[in-house]
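A.B. asks: The whole structure should be built from the sequences, with the hints applied where relevant.
So the protein sequences, as listed, match chains P and H. Just so you know, we're using this note's numbering here: the first sequence kicks off at 648 and counts up by one. Just so you know, we're using this note's numbering here: the second sequence kicks off at 148 and counts up by one.
Hint data in this document are derived by calculation from the structure and do not stem from the laboratory. Worth double-checking, as some hints may not be accurate.
To be verified - No more than 30 Å apart at the CA atoms, straight line, and that leaves these computed lysine-lysine pairs for DSS-like: (1) K296/H <-> K741/P; (2) K686/P <-> K711/P; (3) K686/P <-> K411/H; (4) K754/P <-> K409/H; (5) K754/P <-> K239/H; (6) K768/P <-> K400/H; (7) K774/P <-> K741/P; (8) K411/H <-> K754/P; (9) K409/H <-> K714/P; (10) K741/P <-> K754/P; (11) K366/H <-> K686/P; (12) K411/H <-> K711/P; (13) K711/P <-> K409/H; (14) K741/P <-> K409/H; (15) K686/P <-> K409/H; (16) K373/H <-> K219/H; (17) K296/H <-> K366/H; (18) K411/H <-> K714/P; (19) K711/P <-> K400/H; (20) K686/P <-> K239/H; (21) K373/H <-> K409/H; (22) K400/H <-> K754/P; (23) K768/P <-> K219/H.
What follows is the residue order along each chain.
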Amino acid sequence: MHIGMKTALLASCALTALLTITPKPALAHHGAAAYDMSKSITLDGTVTNLEWNNPHCLLHFDAKNDKGEVQHWTIELYNPLWMTRAGWTRSSLKAGDPITITFHGTKSGAPNGYIRDGDGKLTSNGKELGFHQAGDERTTER
Amino acid sequence: MPHNNAPRLCFSRERVIGLITVLAIALVIPVSAHPQAAASPGVGKGAPTFSPRDLSGLWFGGVGGGLRVQGKIAPMLPEAQARFDANTAELKSDRTISADPTFRCEPPGVPHIYGIGGYSIEFMQTPARIIIFYESIHTFRTVWMDGRKPPQDADPLWMGFSVGRWDGNDLVVDTTGFNDKTWLNGAGYPHSEALHLIERFHRADLNHMRLDITIDDPKSYTEPWKMGVNFTLQPTWEFGESFCIPTNQENFKSEIIEENDKDKLAPKTAPNK
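C.D. replies: Encoded structure:
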């Protein structure tokens with residue numbers, strides 16, 4: 648019986664893998680053309696605001712650039728329902744919270760970015776804030 | 148007493164009966180007693196049972212809704228081509244499409260409704276009709292299952308008029324009566340009021356449902372073409388509230404889209420000298 652269940656589980660995992668490796672375009676809602684999805688940026692910063700709105704939640708933070716000047720960044724997160732299903736609340740990050748964030752920057756150089764489930768990473772006070780929705784068997788849109 | 152001291156055989160009658168009982172329970176429990184625990188895809192032996200004509204529950208199509216073109220998009224007729232060119236002018240200059248009417252919170256129509264955000268849909272069924280709820284813009288469609296015909300000469304509708312039937316265990320939905328204001332998807336493909344949409348929902352197993360969409364619009368395309376969505380059941384989710392708010396959309400456009408494309412936008416006014 649154990650072997651049977653293991654086989655079924657393996658078959659199930661294999662099917663899941665097959666179903667999830669299909670390439671999916673990112674940000675189909677408004678297109679990801681403006682973002683450089685081939686590279687990631689990692690910054691240490693301080694949260695100034697978390698906008699909990701459609702169509703995408705927006706995370707605002709300040710970070711010092713190479714010259715030591717403070718630069719203001721705005722990062723697209725997922726929509727509020729998605730964020731909730733990924734374990735967030737609107738007060739998960741507050742003004743003044745320190746963060747380390749890995750995201751995709753813009754091709755134009757505008758200080759905006761897009762963070763996504765899979766290759767994005769966000770930690771605050773040693774705690775990771777994820778983007779994977781509970782129950783979603785898909786990995787990421789990559 | 149020999150009876151008490153007799154060595155026990157591995158395959159005594161009691162043990163065999165006990166083993167069979169344990170096996171039977173182990174086979175049955177994952178099927179009937181713990182359907183929620185079996186949230187991973189049900190394949191092979193021991194897959195949870197389901198009623199293929201019961202589509203109730205929340206279904207998730209993936210990032211961006213999951214709407215994908217299947218195969219090739221049929222060539223457009225001249226009027227549709229002109230509309231497509233106008234819809235995608237921004238894309239041609241390498242800018243993000245923001246001309247999509249859904250950005251202004253106009254109803255997306257069908258199938259575009261399946262291509263908005265990472266939201267779920269939910270089915271509720273009665274004998275006479277099936278209601279499909281769409282979380283993305285907090286709206287719904289009625290699919291009439293009572294054999295009625297679409298009304299003649301009715302006002303064109305944003306979401307069309309839908310009648311459904313079961314073909315085997317597939318739910319087949321025919322929708323007509325659309326207005327021509329919506330895009331078929333976020334990539335700007337237009338349609339006319341002659342659009343006839345055929346949606347075929349096929350529940351492959353407990354957790355997976357395939358939607359095949361045929362776009363039949365003889366006034367816009369030389370032949371029918373297809374789109375589709377792969378849905379997964381989300382037994383732990385609850386239908387949430389998500390409205391399209393015009394001020395949020397404008398804020399998003401100015402903060403993100405226009406900012407990102409700043410280098411590609413023509414200056415609004417000539418610089419002062």
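A.B. asks: A separate judgement is required for each hint: does it hold in the structure or not?
C.D. replies: Here is what the structure says about each hint:
1. Proximity of K296/H to K741/P is assessed by CA-CA distance (about 55 Å); at most 30 Å being required, the pair is judged violated.
2. The straight-line distance between the Cα atoms of K686/P and K711/P is roughly 20 Å, inside the 30 Å bound, and the hint therefore holds.
3. Under the criterion of a C-alpha separation no larger than 30 Å, the hint pairing K686/P with K411/H is consistent with the structure, at around 21 Å.
4. Among the hinted pairs, K754/P with K409/H is consistent with the structure: their alpha-carbon atoms are about 10 Å apart, no more than 30 Å.
5. Of the pairs offered as hints, the one joining K754/P and K239/H holds, with about 16 Å between alpha carbons and a cut-off of 30 Å not exceeded.
6. Between K768/P and K400/H, the direct Cα distance comes to roughly 25 Å. Compliance with the 30 Å bound is thereby established for this hinted pair.
7. Of the supplied pair hints, the one linking K774/P and K741/P holds, its CA atoms being roughly 14 Å apart against a limit of 30 Å.
8. Proposed proximity of K411/H and K754/P is supported: the alpha carbons are some 11 Å apart, at most 30 Å.
9. Taking the CA atoms of K409/H and K714/P, the gap is near 23 Å; set against the 30 Å cutoff, the hint holds.
10. Between K741/P and K754/P the alpha-carbon distance is near 28 Å, which keeps this suggested pair within the 30 Å criterion.
11. For the proposed pair K366/H and K686/P, the alpha carbon gap of about 43 Å is over 30 Å, so the pair is violated.
12. Straight-line distance between C-alpha atoms of K411/H and K711/P comes to about 27 Å, which keeps the hinted pair within the 30 Å bound.
13. Note on K711/P and K409/H: the hinted pairing holds, with a Cα-Cα distance of about 22 Å set against a maximum of 30 Å.
14. For the hint pairing K741/P with K409/H, the CA-to-CA distance comes to about 29 Å; that is within 30 Å, so the pair holds.
15. With a CA separation close to 20 Å, the supplied pair K686/P and K409/H stays within the 30 Å bound.
16. Between K373/H and K219/H the alpha-carbon distance is near 8 Å, which keeps this suggested pair within the 30 Å criterion.
17. In summary, the hint linking K296/H to K366/H is supported, as the alpha carbons are separated by about 22 Å, within the 30 Å threshold.
18. Distance hint between K411/H and K714/P is fulfilled; the C-alpha atoms sit about 27 Å from each other, no more than 30 Å.
19. At most 30 Å may separate the alpha-carbon atoms for a hinted pair to count; K711/P and K400/H meet this at roughly 26 Å.
20. Of the supplied pair hints, the one linking K686/P and K239/H holds, its CA atoms being roughly 24 Å apart against a limit of 30 Å.
21. In summary, the hint linking K373/H to K409/H is not supported, as the alpha carbons are separated by about 35 Å, beyond the 30 Å threshold.
22. Restraint check: the Cα-Cα separation between K400/H and K754/P comes to about 17 Å, which is no more than 30 Å; the hinted pair holds.
23. Between K768/P and K219/H the CA atoms are separated by roughly 37 Å; this puts the pair beyond 30 Å, and the hint is violated.
Going through the hint list in order, the structure does not satisfy hints 1, 11, 21, 23.
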